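Sequence order for the protein chains is A and B. The opening position of the first sequence corresponds to residue 1 in UniProt numbering, with each subsequent residue numbered one higher. The opening position of the second sequence corresponds to residue 1 in UniProt numbering, with each subsequent residue numbered one higher.
Keep in mind the hints are simulated off the structure, nothing from the lab. For clarity, every value in this text was computed on a predicted model and none was experimentally measured. Please note that a few of the clues may not be correct.
Stated by the list, open to error - Once the Cα atoms are required to be at most 27 Å apart in a straight line, the calculated DSS-like pairs of lysine-lysine come out as:
{"hint": "1", "chain 1": "B", "residue 1": "25", "chain 2": "A", "residue 2": "141"}
{"hint": "2", "chain 1": "A", "residue 1": "173", "chain 2": "A", "residue 2": "77"}
{"hint": "3", "chain 1": "A", "residue 1": "106", "chain 2": "B", "residue 2": "23"}
{"hint": "4", "chain 1": "B", "residue 1": "17", "chain 2": "A", "residue 2": "106"}
{"hint": "5", "chain 1": "A", "residue 1": "141", "chain 2": "B", "residue 2": "17"}
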Amino acid sequence: MSSVMSIVMPGERVPAVEDVAKSKRIILGPGLRRVNDTVVASKAGPLRHREPNTFWVDNYQRRYVPARGDLIIGIIKAKSGDVYRVDIGAADSASISYLAFEAATKKNRPDLNPGDLLYARVLNASPDIEPELVCVNSNGKRGKLGSLQDGFFFKCSLNLGRLLLRENCPALKALTEKLPYEIAVGVNGRIWVKAHSAAETIGLANAILSLEQAGHSEIDKVCENLGDVLQA
Amino acid sequence: MPSKAKPRLSRGVLDMKFMQRTKLKVAKEDDDEQSRALYSNELNTKMLNSNSNFIIEPSYAICEGLIDGRLSFRGMNSELERLMELEQAEKEGKSRPEQPKEVSDKEMVEAYYTNKAPAASKTMGKKFNTKNDNHKRKSNEQQKFNKTQFKKPRQDDDV
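Produce the entire structure from the sequences given, and follow the hints as far as they go.
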């Protein structure tokens, strides 16, 4: 990923993107809008670019806006009829059907209670209807989705979640060298970690939270010191 | 209208067990056509013919090419790590490890020719037959054909 470090403000036209759009088809990510033939920023932050043709604004944000296909962590809030209400950190709570789990039938319902954590995929996201989640892929298999047992859960900014999920992220690699662990990172700014002991788990959570202020460039340096945070 | 001219499968056929996938496909086509008909007077030519160079993608995960967020390291969750490995292998273009052959190529060839390579040898053999041979073969086949008779399947055969 090459990052063009230019800061855009909401309402500002982005001529750099418009120029590219003249010659080829481009993808406008979150934070950029098309107004007729101009591109206008709708969020404040650094403009990012990924080869070949994707642009978006990487703004600081803690409120999740559901988007189809995202992998998120949700907390079950209630059972209601045929669905569970799930809090995913968005403006509206999401719903997940009893039948959206592996091997679930009308008789054989998943055993989930309020307070349980779910790692799920957003199936439907639209501004007008509440988001819908699933815990199976299109073949009806669970894969990596499902409820998260034990471990420790905490919230962070959306940026931190995305930072950890970038390909070849040095942070997770640096932590792997220190201890074996299991992690679930939702793009909705929620992280669940599990290590062998409670002390290790808490240390892991602290280490991850210490990355909150790290930018894309200084992350390598911070990762070198992650071990110290774990000890503390 | 082309849709009218298109042959349609009857409901009776679509309800058959083996037609379920076709049934879904047909239902989807019908749906699409209906929605197109519904909005057809709302769409103007500009909307139909304009081709924009912009694709809107609301998901950060797709824009940034983020990986799946469920990870395990150093044997914490072996089931998960196996899934991760499979995914990694797929990404690197290595498909599944090649299955060992139960029958080697050589054995296959031998077996094929001991069975006289049925189809090929027949067609090539025909070229060198005289008319007399041909006639004999035909009458032979006729006899064979007469012997085989239709047998009514039993009720429990077709499961």
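Structure-inconsistent hints, enumerated in ascending order: The structure conflicts with hint 2 only, although it agrees with all the remaining ones.
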